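Visitor: Two chains, each in its own frame: build the complex with the hints.
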Amino acid sequence: MHVLRAPGVRVVATPEAIDAAAWQDAGPGADEFEPLILRFAPDEAFAVGATGVHLDDPEAIIEPELGYTAIMFPVDEFIDVVLPRMEWAVAPTRPAFCQGSIAGVPAKLYIDTTGAATVFVMAAYLDDFLSRLPVAP
Amino acid sequence: MDRFGNWWRPWHYGDDVAEYWAVREGVSIGDVSTLGKMVVSGPDAVDFLERLYPCRVADIKPGRSRYALLLNERGHIMDDGMILRESDTRFVLTFTSGGAANAEMWVRDWAETWAMRVHIMDRTMSLAAINVTGPRARELLQRAGVEDPPKFLGHTHAAVAGVPCHLMRLSFTGEASWELHHPVDRSVELWRALMSLGADLGIRPHGLKALFALRLEKGHIIIGMDTELDTTPRRVRMPWATRMDKEQFIGKAALERTAKQPDERLLHGFTMDGDAPLEGSPIYVDGAIVGHVSGSWASPVLGKTVMLGWIKHLPYPDRVEIDGREAVVTPTPFYDPEGDRARA
Chain A
1 MHVLRAPGVR VVATPEAIDA AAWQDAGPGA DEFEPLILRF APDEAFAVGA
51 TGVHLDDPEA IIEPELGYTA IMFPVDEFID VVLPRMEWAV APTRPAFCQG
101 SIAGVPAKLY IDTTGAATVF VMAAYLDDFL SRLPVAP
Chain B
138 MDRFGNWWRP WHYGDDVAEY WAVREGVSIG DVSTLGKMVV SGPDAVDFLE
188 RLYPCRVADI KPGRSRYALL LNERGHIMDD GMILRESDTR FVLTFTSGGA
238 ANAEMWVRDW AETWAMRVHI MDRTMSLAAI NVTGPRAREL LQRAGVEDPP
288 KFLGHTHAAV AGVPCHLMRL SFTGEASWEL HHPVDRSVEL WRALMSLGAD
338 LGIRPHGLKA LFALRLEKGH IIIGMDTELD TTPRRVRMPW ATRMDKEQFI
388 GKAALERTAK QPDERLLHGF TMDGDAPLEG SPIYVDGAIV GHVSGSWASP
438 VLGKTVMLGW IKHLPYPDRV EIDGREAVVT PTPFYDPEGD RARA
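Heads up: the sequence lines are chains A and B, in that order.
Residue numbers for the first sequence, in our numbering: 1 to 137.
Residue numbers for the second sequence, in our numbering: 138 to 481.
Just chain B, same shape as in the assembly (with noise of 0.2 Å):
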């Protein structure tokens, strides 16, 4: 266990391995509870929106969602994750586990700076939230009674082996995945009844150890691990989550500014043969130090060690050294690139 935000997590439930594949082959469920959850409701609501956020939001219609980074001033990334539409002037908003209480004051602060017509409730420590994640989660949501889960990037109202649930539809781990935000007095509850429910298809839950995996070999960055304090988007290779035809956000000028000038940061995907190195071990070039590892994982689907690393040195190279070792510069995502999987 160890505390993440304002929460305890587990790192594994006995066996990371096995976890791993429950998620990969068959169904699992997490506790994603302490991700920050925010519902902003008003006139001004959408208008608001569009210029916290750096992504589109008036065109995201009621029932769906989108990934979205929020940017300070500087245009370096603060945190990350999804809008959702609920009704022409309603959305919810959930931000990372470390970051919701930043972000939580951070929006207030805004809204009330351009004196916007919103109201805002922040309902991260009200709702308990479990993934259910792997090919087999939509077969495990039926039998909870969700006769038609929301389909990718989908969100809907329902009630889960009896628990009322905001279900929503998107993606970590790669495979089909649906959170399910409900009631925390109802959690424990809600739990068992999954376990149960899927105890013939091998149902195991997955703690954060394998779910960092998951993601790594995906390439989903983790604001804060993957992320340093002046990281825009761009050196994360995520210009696509800035839309730069808009009016105005914030961090947009910024963003201007600097991609007119050279850059010597970029996160980039790195595989190697043999064990994992060390999160945090230095990267290598002609036996200098160009960087380092944010993420690492011997991946068992893909037979070999994948890695997320900074290197901040120009050129870019082919092959760097890790851990006294060769690695091979990699586009991401390592699995399931076209992400088939995950919208399956």
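Bound conformation, chain A alone (with noise of 0.2 Å):
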């Protein structure tokens, strides 16, 4: 398990908007994420070590997001540890992109094509998250 503060830039716009948005990010290895885009819902999406964003949405709002913090999580520790606190079930396919509570805790779920998994927490719960994980990181 590897812990780490997930910023990046949220937006809320048209679907249609965020469909067509060119994400800028930091360049490569400035960050482990490249940057990855999480659809929070058709109107939402949180682009995981994005600095900027354009789109076609003159309403859209654009904020920077410094509240996340991710949990990274290898193949084997997800299924041992994550997947026996969550209360729900995952999508098959992969990679996917799942929300829900894990450990009692509101938290967003990527799972690559390797089957890794990384759980994304606002800040403020990671305390209790790790606090109900088996193992520390």
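Rather than coming from a laboratory, the hints here were simulated on the basis of the structure.
Source: prediction; values computed, not measured.
Some clues are possibly wrong.
Derived contacts from chain B toward chain A, CB cut-off under 10 Å, selection only [stated by the list, open to error]:
hint : residue
1    : His256
2    : Met262
3    : Asp322
4    : Thr467
Here are the computed distance ranges between Cβ atoms for each label pair [as the list claims (entries may be wrong)]:
hint : chain 1 : residue 1 : chain 2 : residue 2 : range
5    : A       : Thr93     : B       : Met381    : 49 to 59 Å
6    : B       : Ala390    : A       : Asp19     : 33 to 43 Å
7    : A       : Glu63     : B       : Val466    : 28 to 38 Å
8    : B       : Ala296    : A       : Arg5      : 50 to 60 Å
9    : A       : Pro134    : B       : Ala390    : 47 to 57 Å
10   : A       : Val135    : B       : Trp247    : 37 to 47 Å
11   : A       : Phe40     : B       : Glu326    : 24 to 34 Å
12   : B       : Ala391    : A       : Gln24     : 44 to 54 Å
Glycine included, C-beta positions come from ideal geometry on N, C-alpha and C.
Guide: See below:
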């Protein structure tokens, strides 16, 4: 398990504008995200690792988002530690993005093509989340 | 420490009375990160908020703000907070700590119901907030690099000690106050910078106990503490927060209907000598319980105990009995009734 900050850009805009958005990031190797686009809702996205965005919606709300923490799990640890603390089924496709309660904490879950997973929680929930896992980072 | 909404909040930092005096006479900072925070943007933003809130919204100028109640369809108070206008089509809304999650669902639900062209982003967990308050608060902000902090009910974006902030001038404590909303990952840095810059001003952080006392002296209500599930603006003496000449807003029809009916519930202010009774204490008239105390505090600055409490029996008395002692019905605010200190 690896815990790190997950800064990025959060956008609320028309779904069409988000679909066509051009995300900017700090460049290769600047962080562990390239950026990673998490679609919270049709009209809302969080681009982890992004530093800016161009999109076609003059009323879009675009804000730097510094409140999320990422907890990264290799495949085995995800299966052993995280899955038992989820009371809902994970989407079978890979990559997958899901949202729901994990260990009783509101969370976003991204599973990449290898099956490794990243749980995103708001920083204020991090202590609660980690305290409910049987392993320490 | 205690849990409020999704957060832990401190009751005090070791000496709640010293914290109280720091606000009244010097400068203090308080962690108000728990407040709900939301951005609303779009071509229908003004129309949407006019329908949502009982106060006027269209005449709030960019850079200005207004206190607002949030009512349900029955005209009962659900929440309160500020409406801050950033541009013609963009607003920031704040909500109470305990009511933020419910308010978010409420706002999103009505936007969808009315098919409004608005975007909504909840920022509650993304932004922290520090309230800088007291007669020397302006001096502290100037030391932190804010040459000209916004005037009462104004707001602006500026760096405070190098941290990007949305500064909002309002006052829950009764003293000059600026809320600094900022990225949550910079909060410790900002807190420490303010404490350092204010060290020779006698700065102290204040917890909830001092905050509740300060607001009580001003007669400011706390939703859920001084209100009940069926509290209307009239019952807490806040009809000024509703504009009945507006074409529509949620709760208007109910308020029009109930305004024609007699009411026998009213939040009152009380003063008495001696220690503050327990909050929740029954209020007696002629040996009968007529209500309860919703907030109490032995005010150092006023030299007497001040209280808010409900009387649910007509006629409303001039004197009551609380905790075996006589209490006098007293108009609020108890402290600085003209509000000069908050606007200073």
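Visitor: So, for every hint listed, does it hold in this structure?
Guide: How the hints compare with the structure:
1. A hinted interface residue such as His256 of chain B counts as satisfied when its beta carbon comes closer than 10 Å to some beta carbon of chain A; here the least separation is about 4 Å, so the hint holds.
2. Hint status for Met262 of chain B relative to chain A: holds, with the closest Cβ pair at about 4 Å, below 10 Å.
3. Annotation: Asp322 of chain B was flagged as interfacial toward chain A, and the flag holds, the nearest CB pair being 4 Å apart, inside 10 Å.
4. Interface hint status for Thr467 of chain B: violated, as the beta-carbon distance to the closest one in chain A is roughly 40 Å, over 10 Å.
5. Taking 49 to 59 Å as the suggested C-beta distance range, the pair Thr93 of chain A and Met381 of chain B conforms, at roughly 54 Å.
6. A beta carbon spacing of about 41 Å between Ala390 of chain B and Asp19 of chain A agrees with the range 33 to 43 Å that was offered as a hint.
7. The given range of 28 to 38 Å is broken by Glu63 of chain A and Val466 of chain B, whose C-beta atoms sit roughly 47 Å from each other.
8. A beta carbon spacing of about 21 Å between Ala296 of chain B and Arg5 of chain A contradicts the range 50 to 60 Å that was offered as a hint.
9. Judged by the Cβ atoms, the range 47 to 57 Å given for Pro134 of chain A and Ala390 of chain B holds: they are separated by roughly 55 Å.
10. Under the hint 37 to 47 Å, the C-beta atoms of Val135 of chain A and Trp247 of chain B, about 44 Å apart, fit the expected range.
11. Between Phe40 of chain A and Glu326 of chain B the beta carbons are some 28 Å apart, a value that agrees with the proposed interval 24 to 34 Å.
12. For the pair Ala391 of chain B and Gln24 of chain A, the beta carbons lie near 49 Å from each other, so the given range of 44 to 54 Å is met.
Checked against the numbered hints given earlier, the structure breaks hints 4, 7 and 8 and satisfies all the rest.
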